[in-house]
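Novice: Here are the chains, one letter per residue:
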Amino acid sequence: MVGLSLGEKHFIQGGIAQDIRSDGRKRLTYRPINVETGVIPQANGSARIRMGATDVISTVKAELGKPISLQPDKGKVSIYVDCSPTAAPMFEGRGGEELSTELSVALQRSLLGGKSGAGAGIDLSSLVVVEGKICWDLYIDCLVVCSDGNLLDALGAAIKAALSNTGIPRVQVAAGASGDEQPEVDISDEEFLQFDTSDIPVIVTLTKVGRHYIVDATTEEESQMSSAISISVNRKGHICGLTKRGGAGLDPSIVLDMISVAKHVSEQLINKLDSEIAAAEAGDDES
Amino acid sequence: MLHSKTFVKKTRGGKVNKQVREHYLRDDIYCGAPICKLCDSSAARLSPSASTILLLDTNVVLNQIDLLENPAIDDVVMLSVVLDEVKNKNMGVYNRVRALCSNSLRRFFVFANEHHKDTFVKEMAKESKNDRNDRAIRVAAQWYQSHLGGAARILLITNDKENKRKAIAEGISAETIESYVKSLDRPDLLDLVVQPSSEDVEMEEVEDLRPSKRKVIYTEHKPMSEITSGLHRGIYHQGKLRVNRYNPFEAYVGSESIGDEIIIYGRTNMNRAFDGDIVAVELLPQDQWHEEKSLSIADEEDEEEDVHLVPSSADDAPRTTNLVQGCSGDTNAVSSRPSGCVVGIIKRNWHSYCGSLEPMPLPAGSGGTAHALFVSKDRRIPKIRIHTRQLENLLDKRIIVAVDSWDRLSRYPSGHYVRTIGEIGDRDTESEVVLIENDINSRPFSSQVLACLPPLPWSVSSEDLANPVRQDLRDLRVFSVDPPGCKDIDDALHCTALPSGNFEVGVHIADVTNFVHPGSPLDDEASQRGTSVYLVERRIDMLPKPLTEDICSLRSDVERLAFSVIWEMTPEADIISTRYTKSVIKSCAALSYIEAQARMDDSRLMDPLTTDLRNMNVLAKKMRSRRIERGALTLASAEVKFQIDTETHDPLDIGMYQIREANQMVEEFMLAANVSVADKILKHFSLCSLLRRHPSPTREMLEPLLRTAAAVGLNLDVSSSKALAESLDRAVGDDPYFNKLIRILATRCMTQAVYFCSGDLSPPEYHHYGLAAPLYTHFTSPIRRYADVIVHRLLSASLGIYKLPSIFQDRSQLTSIADNLNYRHRNAQMASRASVELHTLIYFRKRPTDTEARVVKIRSNGFIVFVPKYVF
Amino acid sequence: MEFVSPEGLRLDGRRPMEMRQIRAEIGAVAKADGSAVFEMGNTKVIAAVYGPREVQNRTQQINDQALVRCEYSMANFSTGDRMRKPKGDRRSTEISLVIRQTMEACILTHLMPRSQIDIFVQVLQADGGTRSACINAATLALADAGIPMRDLVTSCSSGYLNSTPLLDLNYVEDSAGGPDVTVGFLPKVDKVTLLQMDSKLPIDIFENVMQLAIEGCKAIANYIREIMLENTKQLEYRRGI
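In order, the protein sequences belong to chains A, B and C.
Residues 1 to 287, numbered by UniProt numbering, are exactly what the first sequence covers, in order.
Residues 1 to 872, numbered by UniProt numbering, are exactly what the second sequence covers, in order.
Residues 1 to 241, numbered by UniProt numbering, are exactly what the third sequence covers, in order.
A couple of the hints might just be wrong.
To be verified - Derived DMTMM-like pairs (lysine to aspartate or glutamate); straight-line CA-CA distance at most 20 Å:
id : chain 1 : residue 1 : chain 2 : residue 2
1  : B       : K722      : B       : D735
2  : B       : K117      : C       : D204
3  : A       : K272      : A       : E8
4  : B       : K117      : C       : E7
5  : B       : K117      : C       : D12
6  : A       : K76       : A       : D199
7  : B       : K129      : C       : D12
8  : C       : K31       : A       : D137
9  : B       : K87       : C       : E25
10 : B       : K87       : C       : E7
11 : A       : K66       : C       : D81
12 : C       : K31       : A       : E8
13 : B       : K622      : B       : D607
14 : B       : K622      : B       : E703
15 : A       : K263      : A       : D199
16 : A       : K133      : B       : E226
17 : B       : K383      : B       : D396
18 : B       : K87       : C       : E2
19 : B       : K122      : C       : D12
20 : C       : K200      : B       : D810
21 : B       : K89       : C       : D81
22 : C       : K191      : C       : E215
23 : B       : K803      : C       : E207
24 : C       : K31       : A       : E220
25 : B       : K397      : B       : E358
26 : C       : K31       : A       : D199
27 : A       : K66       : A       : D137
28 : B       : K803      : C       : D204
29 : B       : K622      : B       : E667
30 : A       : K76       : C       : D81
31 : B       : K129      : B       : D275
I should point out that these hints are in silico values taken from the structure, not numbers from a laboratory.
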């Protein structure tokens, strides 16, 4: 990636200060979001989100497994992000690993809550089949196909869309199992359980450039940032997770201010996303 | 043309796996009716004048396959959805349907409705798979109706009430199979129709005719999921059920998890399982385990049962059949064997059985359907209840019956009649029963097979002579020695004295592979048959007669093609060199054993042929003594010779087969040839040679022999084949037949020699116990054994004059060929013995005789004797 | 197991000489210099080309030619069972090498000395024939990036099951254990540039099977040309001509 010249840097910073960004958006406007669901039929659920040039694919695969002994009534979810070298040559080989790990961890923190499983955005108790013995393991895999800034938001949105597209097959437990043995499960071919995704939070990243914050920064804008905060907010307006990146220090009042701005933005984003996802699902059903 | 539709399926396997498959819909699938104007009728199979075209439901195909094979049912369209379901449910029926469809005489057409864009049916929500398939059948029927216009009537045959109702509602004519067969007005066909089970039609009273036995109820079989979990947990055991031939209420299940056999005793415990089914067994509590002595007639001693299976053989039946029991005064009578009861059947092994109906009084008024009990010739199969309209016809006939189902409430399984063989006791009928029971194909060769033969009259052509690969050995003094009246001569010998004092000895075998080419219908048919079967009154050939008796047969005074093994050996019968070559020979004499022996014995004869015979004899004796030195066994097998009346074909006299020196001489050289060839092909093809081995019998197998010998105070050393041979030689008693008896008993304890593929086993396991040879194969009788044909091909390839067909590269195919050959060989042997038994019975039927006998075995309710004069 | 039914239909309804449905799209990845998506049946592959650009690693720079590098990676979710390690395993390395050699043979590398061309191929869905789909996608991506090439490289696989040569095997047919021949072909100059085979095949049958694959390659080449023509027309239209 070619670096930016001084003139370009000034242009970007100045534009943001004046509430006109390089592509004409206002500070708190998102790029047009394009949602497609069901792109990978082999997975239980999948979605592809395009925010401008940023292109991510997210899939959900469900497998049967054993719940953790500490939480016998909950299922398990694991999130994994992979940066494809198609997105940027520097992601080739092991180059993208750092970024991938960072994104995975951030996503996990935002969506899954703490170690005890409390406060997770996804309701894990709906994943259990036989308490203590069998539960669903969800593997959420994301792939960054093309990167043009604001990866975390896009990934969060993609996961939300993929989960709403996910169908988990209905399981019937065979009667007569006793004691410690593994009970037999009969998996139905036809029926599926749809996930309830209304509670899943979205992630909003606010990038501070100069004295103002913008949402949905492109790569160039991100290169100018001093610091950024990613906040995951759910429909009720509760904050599910918070990450601060960037070296510059932030005054606490600014942080609070950013949070309230994020909350405000998130409402619109959630509505937009939901309608887009519904449209995509409907379109998918018809085809 | 192409249209893609992604199709989602889910499979199991511990984890859930979503699978996506493509499913293309086409518009170039034709309907198969020649009257259709829209489709290309080059592939049409249905008849142009068909008035009614039948579409069959899956259950109809599965249950009524015998009826479908009857030529009266024709002009049938098989939908691919039906075929797939049949394939998943019953592979045997599927193969038969496929055979019907590819048979050009029958008008069955396969319509790929799943891939036709107009008849493809997508699964609707909440629809079960069966409903969807039924809907697909109905849609296909409707499509056919609209496609063919009114040219033919489309009839959907289904026994499912729901399906029928919906079909009629949609405008498709539908009928049950019974009503259709009735409409054909052929009462004999109605017998073939299987009675529907209770779900389809209101059940008639099918209870036993004896009211006192009405309610014998079997426990329900457990569902498959429970059985699998039970197997995992070790409370159930899986194994193959083998029913005791002498006591059909007793069976054994060989289970690896226990390491011993589980006895199933009693009809209730057998719970509707048949011999050969794979069952799941639950052990009974230990106090209910049967003790040994109660199993009186349970001894599994039977001539046919020296099919002892080798510890590491490919067969999947369990190991020893020898149960140490029976004799009173035996050691621990209290040690019990694990007993159990059958809780579920994992895989059924039902097929058609020969037998006859139990005699019963005719019902008043003929023409109605009667229930009859069918008793199978094989005592291990329970009686089968069938319905028939022709009771009085069938009562004295041998018939074939197939099993359909065994309800919990019914004492006997239900089946249906398939066909009649002939009258009971009639020699030809009983012979045919023997053939059917042993799965021997005695049908005449098809025209395709006969088309592979060269035209008659055949003689060695100039190209054959000019072929550099073939050596011209017509100047050698070649002769053959065979049983009298033998027309299929596959081996000939020559023995020339060399100036050095050594002998050049040659074994010439008919060059069958010159005429039987791999992949040809002739080869496939021979491969299936595996061997010629020798019954008393006839011979079922593996290859067509023109080949066996003329073109390949090394008759005297004609030039013939051969495959030769030529040794140079010293007067002490040590082999100096061996060479193999294809050749042209001209036999100068086709002698019988008696003639050859007479010539050798007559000291006045000094002609070159007799000199050769004598030289060979001397060499043979030396080779034989060396073999015995190494430990070859000479066991007496009771071979019976019948003299058949040429007109009635009834047996006139029975006698023992005489073994003369001439027999042994020929045998010796054949063995030597087989050993040499085995060596050669193994050297070149160490992984894909077809060899023959004889596993050493285990201690347990020799138990009965040792016990019997001990009972008369004889100690046999069985540590090695040589020791056994020597012990047997020393076993002489006052009774002149004693030695023979002991040898016969020893034969029964032996394992069976089997063919195998060299790549499947390690060299120490190639050993042939009986011949005390490290390597052995069959080479010398390609006219009557398919194994020899294979070995001929291997030998030619090792000489570099033949390209080995690709089948040899596929180890698993070779193994299955070897398994088939072993199966056919065993069956041929059993059929021969059964035929001998049959003729013996026929012989004695008219001539009750008193004669001397020897007691061989005593059981608690009987004893077995050996009749030396008639050798059985 | 019956892969070709006696009626002449394969498991998914194709005839033995028919390919799966192909679909291609140019310009999927906006940031890349050239990119394409190529679908063969259920196998879906994205290729992105970055270059010619300055060589990142000075030691690898070639003075009279361009350096061509390639990486093949499969997404976690691309196969039926979830893969744990998407990159760096032996199969990926081998395929990367194969693609690199194939493309290098047809790129006019001497026109761009001291530069580097990166080809990245990402498999989104794998259902048999991934190698071929990758090569086809790479060709399209290179064309989209405007990199000069001798000819288009197209690739197709074929096999031999139930004694019938089959074109374009899918995953089920591939895992049947029969031979699998992958051919890379330059249609205009009529030359084979890649040839790989698994399992055993007698020589006389091999010729037929290879011929069949070459026919497949020619068909794909026609399709690719159409797509590129379409793409060019679109570009023209956007420019307002």
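Novice: With reference to the structure, classify each hint as holding or not holding.
Specialist: Checked hints:
1. K722(B) <-> D735(B): Violated, at about 24 Å.
2. K117(B) <-> D204(C): Violated, at roughly 37 Å.
3. K272(A) <-> E8(A): Since the Cα atoms of K272(A) and E8(A) sit roughly 32 Å apart, the hinted pair is violated (cutoff 20 Å).
4. K117(B) <-> E7(C): With Cα atoms ~16 Å apart, K117(B) and E7(C) stay inside 20 Å; holds.
5. K117(B) <-> D12(C): holds (13 Å)
6. K76(A) <-> D199(A): holds (17 Å)
7. K129(B) <-> D12(C): holds (19 Å)
8. K31(C) <-> D137(A): violated (35 Å)
9. K87(B) <-> E25(C): violated (41 Å)
10. K87(B) <-> E7(C): holds (16 Å)
11. K66(A) <-> D81(C): Holds: K66(A) and D81(C) sit about 18 Å apart, inside 20 Å.
12. K31(C) <-> E8(A): Within the cut-off at roughly 19 Å; holds.
13. K622(B) <-> D607(B): Not OK: K622(B) and D607(B) at ~23 Å, beyond 20 Å, violated.
14. K622(B) <-> E703(B): violated (34 Å)
15. K263(A) <-> D199(A): The given pair, whose Cα atoms are some 15 Å apart, holds under the 20 Å limit.
16. K133(A) <-> E226(B): Within the cut-off at roughly 18 Å; holds.
17. K383(B) <-> D396(B): holds (17 Å)
18. K87(B) <-> E2(C): holds (11 Å)
19. K122(B) <-> D12(C): holds (15 Å)
20. K200(C) <-> D810(B): Given that 20 Å is the threshold and the Cα spacing comes to 10 Å, the pair holds.
21. K89(B) <-> D81(C): Judged against 20 Å, a Cα distance of about 28 Å means the pair is violated.
22. K191(C) <-> E215(C): holds (12 Å)
23. K803(B) <-> E207(C): holds (19 Å)
24. K31(C) <-> E220(A): holds (13 Å)
25. K397(B) <-> E358(B): Holds, at about 11 Å.
26. K31(C) <-> D199(A): Violated: K31(C) and D199(A) sit about 34 Å apart, past 20 Å.
27. K66(A) <-> D137(A): Answer holds: K66(A) to D137(A) is near 8 Å, not above 20 Å.
28. K803(B) <-> D204(C): OK: K803(B) and D204(C) at ~14 Å, within 20 Å.
29. K622(B) <-> E667(B): holds (13 Å)
30. K76(A) <-> D81(C): holds (18 Å)
31. K129(B) <-> D275(B): Measuring from Cα to Cα gives roughly 33 Å; hence the hint is violated.
Hint compliance for this structure: hints 1, 2, 3, 8, 9, 13, 14, 21, 26, 31 are broken, all remaining hints hold.
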